[in-house]
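Add chain B to chain A, keeping to what the hints say.
Residue numbers (this note's numbering), protein chains in the order written: chain A, 1 to 610; chain B, 1 to 338.
By construction, these hints were calculated from the structure, which means they are not laboratory data.
Do not take every clue at face value.
Computed list of lysine-lysine pairs in DSS-like fashion (alpha-carbon distance at most 25 Å, straight line) [stated by the list, open to error]: (1) B:Lys-320 - A:Lys-457; (2) A:Lys-457 - A:Lys-426; (3) B:Lys-322 - A:Lys-279; (4) A:Lys-457 - B:Lys-234; (5) A:Lys-192 - A:Lys-202; (6) A:Lys-279 - B:Lys-320; (7) B:Lys-32 - B:Lys-47; (8) B:Lys-168 - B:Lys-230; (9) A:Lys-193 - B:Lys-147; (10) A:Lys-608 - A:Lys-99; (11) A:Lys-192 - B:Lys-320; (12) B:Lys-10 - B:Lys-32; (13) A:Lys-202 - A:Lys-189; (14) A:Lys-189 - B:Lys-320; (15) A:Lys-55 - A:Lys-143; (16) B:Lys-230 - A:Lys-457; (17) B:Lys-331 - A:Lys-192; (18) B:Lys-10 - A:Lys-431; (19) A:Lys-161 - A:Lys-189; (20) B:Lys-147 - B:Lys-222; (21) A:Lys-279 - B:Lys-331; (22) B:Lys-265 - B:Lys-320; (23) A:Lys-420 - B:Lys-331; (24) A:Lys-143 - A:Lys-118.
Small disclaimer: the values here were computed from a predicted structure and weren't measured.
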Amino acid sequence: MQHKVIDANDVVIRFAGDSGDGMQLSGTLFANMSAIYGNGLSTFPDYPAEIRAPKGTVAGVSGYQVHIGNHKINTPGDFCDMLVAMNPAALRANAKWLKRTAMVLVNDDAFDDMGMKKAGFTGNPFEELGIEDRTILAAPITKLTEASLEGSGLDVAAVHKCKNMFTLGMACYIYNRPLDFLYEYIENKFSKKHPEMVAPNKKVVYDGFNYASNIQAVPNTYTVAPAKLEKGTYRNITGNQATAWGLMAAAEKAGLPLFCGSYPITPATAILEELALYKSLNVKTMQTEDEIAGICSAIGAAFAGNLAVTSTSGPGLSLKSEALGLAVMTELPLVVVDVQRAGPCTGMPTKTEQSDLNEVLYGRNGESPLVVVAAHSPANCFDMAFQAAKIALECMVPVVLLSEGFIGNGSEPCRIPTMKDYPAIKPHLVKSCDGPFNPFKRDPETLARNWAVPGTKGLEHRIGGLEKTHEGVLSNDPDNHETMVRERAEKVARAACRIPELKVDGPESGDVLLIGWGGTFGHILTAVEDMREDGKTVSFAHFDYINPLPKNTEEVFSRFKRIVVCELNSGQFANYLRGILPHHEYLQCNKIQGQTFLVKDIVDAVEKSL
Amino acid sequence: MAKYTFKDFKSDQEVRWCPGCGDYAVLAALQKVLPTVCEEKGIDKEKVVVISGIGCSSRLPYYMDTYGFHTIHGRATAISTGVKVANPELCVWQASGDGDALAIGGNHFIHAIRRNVDINIMLFNNRIYGMTKGQYSPTSRLGAITKTSPYGTVEEPFNPGSLVLGAKGTFFARSMDTELSLNEAVMLASSRHHGTSVMEFLTNCMIFNNGSHAELSDRENKADRIIVLKDGEKMIFGKERDKGLVLENGRLKVVRIGENGISEKDLLTHDSHSDNLGLQTMLAEMKYPDFPVAMGVIRDVQEMTYEDGVCDQVAEVTSKSKIHCVDDLLKSGSTWEI
Numbered sequence: 001m002q003h004k005v006i007d008a009n010d011v012v013i014r015f016a017g018d019s020g021d022g023m024q025l026s027g028t029l030f031a032n033m034s035a036i037y038g039n040g041l042s043t044f045p046d047y048p049a050e051i052r053a054p055k056g057t058v059a060g061v062s063g064y065q066v067h068i069g070n071h072k073i074n075t076p077g078d079f080c081d082m083l084v085a086m087n088p089a090a091l092r093a094n095a096k097w098l099k100r101t102a103m104v105l106v107n108d109d110a111f112d113d114m115g116m117k118k119a120g121f122t123g124n125p126f127e128e129l130g131i132e133d134r135t136i137l138a139a140p141i142t143k144l145t146e147a148s149l150e151g152s153g154l155d156v157a158a159v160h161k162c163k164n165m166f167t168l169g170m171a172c173y174i175y176n177r178p179l180d181f182l183y184e185y186i187e188n189k190f191s192k193k194h195p196e197m198v199a200p201n202k203k204v205v206y207d208g209f210n211y212a213s214n215i216q217a218v219p220n221t222y223t224v225a226p227a228k229l230e231k232g233t234y235r236n237i238t239g240n241q242a243t244a245w246g247l248m249a250a251a252e253k254a255g256l257p258l259f260c261g262s263y264p265i266t267p268a269t270a271i272l273e274e275l276a277l278y279k280s281l282n283v284k285t286m287q288t289e290d291e292i293a294g295i296c297s298a299i300g301a302a303f304a305g306n307l308a309v310t311s312t313s314g315p316g317l318s319l320k321s322e323a324l325g326l327a328v329m330t331e332l333p334l335v336v337v338d339v340q341r342a343g344p345c346t347g348m349p350t351k352t353e354q355s356d357l358n359e360v361l362y363g364r365n366g367e368s369p370l371v372v373v374a375a376h377s378p379a380n381c382f383d384m385a386f387q388a389a390k391i392a393l394e395c396m397v398p399v400v401l402l403s404e405g406f407i408g409n410g411s412e413p414c415r416i417p418t419m420k421d422y423p424a425i426k427p428h429l430v431k432s433c434d435g436p437f438n439p440f441k442r443d444p445e446t447l448a449r450n451w452a453v454p455g456t457k458g459l460e461h462r463i464g465g466l467e468k469t470h471e472g473v474l475s476n477d478p479d480n481h482e483t484m485v486r487e488r489a490e491k492v493a494r495a496a497c498r499i500p501e502l503k504v505d506g507p508e509s510g511d512v513l514l515i516g517w518g519g520t521f522g523h524i525l526t527a528v529e530d531m532r533e534d535g536k537t538v539s540f541a542h543f544d545y546i547n548p549l550p551k552n553t554e555e556v557f558s559r560f561k562r563i564v565v566c567e568l569n570s571g572q573f574a575n576y577l578r579g580i581l582p583h584h585e586y587l588q589c590n591k592i593q594g595q596t597f598l599v600k601d602i603v604d605a606v607e608k609s610l
Numbered sequence: 001m002a003k004y005t006f007k008d009f010k011s012d013q014e015v016r017w018c019p020g021c022g023d024y025a026v027l028a029a030l031q032k033v034l035p036t037v038c039e040e041k042g043i044d045k046e047k048v049v050v051i052s053g054i055g056c057s058s059r060l061p062y063y064m065d066t067y068g069f070h071t072i073h074g075r076a077t078a079i080s081t082g083v084k085v086a087n088p089e090l091c092v093w094q095a096s097g098d099g100d101a102l103a104i105g106g107n108h109f110i111h112a113i114r115r116n117v118d119i120n121i122m123l124f125n126n127r128i129y130g131m132t133k134g135q136y137s138p139t140s141r142l143g144a145i146t147k148t149s150p151y152g153t154v155e156e157p158f159n160p161g162s163l164v165l166g167a168k169g170t171f172f173a174r175s176m177d178t179e180l181s182l183n184e185a186v187m188l189a190s191s192r193h194h195g196t197s198v199m200e201f202l203t204n205c206m207i208f209n210n211g212s213h214a215e216l217s218d219r220e221n222k223a224d225r226i227i228v229l230k231d232g233e234k235m236i237f238g239k240e241r242d243k244g245l246v247l248e249n250g251r252l253k254v255v256r257i258g259e260n261g262i263s264e265k266d267l268l269t270h271d272s273h274s275d276n277l278g279l280q281t282m283l284a285e286m287k288y289p290d291f292p293v294a295m296g297v298i299r300d301v302q303e304m305t306y307e308d309g310v311c312d313q314v315a316e317v318t319s320k321s322k323i324h325c326v327d328d329l330l331k332s333g334s335t336w337e338i
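Excised from the complex, chain A in its bound form (with noise of 0.2 Å):
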């Protein structure tokens, strides 16, 4: 048989496994190789809320699929190319993510009577979920594992640990990537604390590698060219990653201390952990007692003059409603970061939905608006939590950022930006004033009140929950109320105008828009240019500020006959959309499956509307 080396475009890869099999690490680390080699890429782990479910069962199935291309990667893949599936379960759980021309590797040894029954197959797996005219490749995984670890030293738990490196191994045969980063990463993580897992672990790499070679399990092998990508240094983040290290920046800019107040929560608990590490970048990090507090605190360090932030997830910014409406109601600086789940109450934790909009939008007692933006992508959350933070300290408002299980887990490679490309951010402080100090005293422009913290001279002052006149005082008066909703109000519009216009993809005008916001922006994009691709003309914006909304929008809806809105909640953001700019028609794409959507979906659907 001719052996050959195909370029592809682009290739989706889904390991799949136990949620002790080390699928995630074995993703994020083909990942990290190809962000080095240059490819585009973007990532998505999907993994059960168990930590560890049964084993051998499909709940208990752990995903990462990892999507490299020649050019500039939007999103995660709708289906594979490739499925390494380490038993049964991960198999069945996965089979419907197969491309017709896929090919499977799965690890033999764990096809045995009991996983089998497990993943509930009586007969062929491969028969029984139709996908044998599939590439199958079984190898004895585990026993390869033992043999190329015999006399090694380690015990069989250790062993068997190694299988995701072997299959690791067997992948960078498959697609053509040199050994070198993983033999880098196994020096780094194990040469300190545990030596003697360094050189098992690259025996095992390389052992994997040379099996898939020496066996020519696969008719060809693959190259993925690096992809045409700005000049610069890069580095691969995670959404959390890029919303915790934006929010720094933000702070540095602003020469404010960052102060975190958070209760762990997923999927947005590695914001607070990822703050945590970086003291040396004047940041304090409280793990409260519960989300309330950590609000509250966020509250309290806002009051006294800090950058404040608290991050949570859905359930967690239902806890948190009455403290935001305490930070809108005494008009402080705060960013709250919601990394949405899918709801309601606990939902499905780990899976991805935009399904809180509508409560970040409107849920608090009275009369409570605030600023909400929404992040786009991994990367791109390091911006949005820049500009929210720099909304929030100019405007002297309460600003919601919005994120996405999907954005905050995946990652992509980005250009590392230098600081001096940032805006400055200017907070709304007072040191100073003539006469008495009037804390509600409004900057004629923004509508921002001054922000005197606790230690500045002469400017005692008292705020509080009740409503109050322009000088402080405590006050019932009809008009005075009146007054200080529409201002309050009319403040949180006017960041209008410092957020960007939104910007059209596609044909300025035409009988398509597609809309999206936040994590969407990667699926839609794609289905947009594949449609393109097939000779349609179809154009597309994308919100990354939805209240107040971008100050063209109107003025762009109205040069298309028909806008679909697509996100992955019932309908949220279009009834937004309906109730400010009713003279529109919205038609919707809508998923809520706690999964993002396929390119499909969203092409699917505007084929439907034309």
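Only chain B this time, still in chain A's reference frame:
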């Protein structure tokens, strides 16, 4: 540094508590001690912050000419914590009622104590919800008849001292609205204590729970029903100064000096600074009529504060870290060139 008098701490707002409310006494005491607090700490008054939750007593910040924050129900402790951690140079005082601190805010209350954040919590305990017009609180006595317990409550109250000491609090003191000089003494001791201080003030609610601690404040009998604990002094009480406390079989016991061969030297000597949490807890839990109710500083011990721990860690990590600006951070770890 400026010299202050109590007038410097009075705001221009009219105090709007009901006539005869016990809260007036606590407010007055705070305004009177703050000049001394500022002097002792060497700080100007703009460093003083008064924070409160919701309830009658939580209106207190409006009456103080300091930085003040009237927050939301139950959360004062969490907000005070944020203020203190964000800027440890501030001198933070908190006003909370029994509902605010012990019902809706119970979680924040015990966790602040556990962390030992240097805040001064003034717990106004009138054993009733006054602002909502007379419902029972977590400190209402068993059987209390209120609007929401027309047939009497069927739940035991909290003793705030038990909660504080149960959470290994580093400072607990008790006073009552009628004890003007003790109120000030307790506040000064609280100010000198580095860590979370809880001061329980028994306050009367004229309207909804009049006589909430009348048996203790009653001038005729007070001396027999309370004991004001003072460090280094024997635990003596009574109109005739003839009663005292001893430990017998591991329990407190009231004895009479001169009876059964008991002399003053046999009585317990108070030591709020000792690590004898068990004895301090027993003192805090003494209930009339079996015992006199303990007043004064019951426990005052030194432990590391949370904000010091946070700041020390920031300083240590900063001195060792290679990352001193966001550009350093962005370039750290695994990067590659294209």
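Quiz item: Quick one, are Lys-192 (chain A) and Lys-320 (chain B) close enough, alpha carbons at most 25 Å?
Solution: Roughly 19 Å between the alpha carbons, so the hint for Lys-192 (chain A) and Lys-320 (chain B) holds.
Exercise. Starting from Lys-10 (chain B), check that the Cα of Lys-431 (chain A) is at most 25 Å away, please.
Key: 22 Å, holds
Practice problem: Would you check the hint for Lys-161 (chain A) and Lys-189 (chain A), treating anything up to 25 Å between C-alpha atoms as holding? | Solution: With a Cα-Cα distance of about 15 Å, the restraint between Lys-161 (chain A) and Lys-189 (chain A) holds, given a limit of 25 Å.
Practice problem: Decide if the proposed pair is consistent with the structure: Lys-168 (chain B) and Lys-230 (chain B), CA atoms, cutoff 25 Å inclusive. | Solution: 21 Å, holds
Quiz item: Has the given pair, Lys-331 (chain B) with Lys-192 (chain A), been kept, meaning a C-alpha gap of at most 25 Å?
Solution: 23 Å, holds
Quiz item: Is Lys-32 (chain B) close enough to Lys-47 (chain B), meaning Cα to Cα at most 25 Å?
Solution: 17 Å, holds
Quiz item: Hey, Lys-265 (chain B) versus Lys-320 (chain B), does the alpha-carbon distance stay inside 25 Å?
Solution: 56 Å, violated
Quiz item: Holds or violated: Lys-457 (chain A) with Lys-426 (chain A), Cα cutoff 25 Å?
Solution: 21 Å, holds
Exercise. Please work out if Lys-143 (chain A) and Lys-118 (chain A) have their alpha carbons no farther apart than 25 Å.
Key: 21 Å, holds
Self-check item: Proposed proximity, Lys-222 (chain B) with Lys-147 (chain B) (alpha carbon, max 25 Å)
Solution: 29 Å, violated
Quiz item: Within a Cα-Cα threshold of 25 Å, do Lys-10 (chain B) and Lys-32 (chain B) meet the stated pairing?
Solution: 10 Å, holds
Quiz item: Given the hinted pair Lys-279 (chain A) and Lys-320 (chain B), is their alpha-carbon gap at most 25 Å?
Solution: 11 Å, holds
Checked against the numbered hints given earlier, this structure breaks hints 1, 4, 9, 16, 20 and 22; the rest are met.
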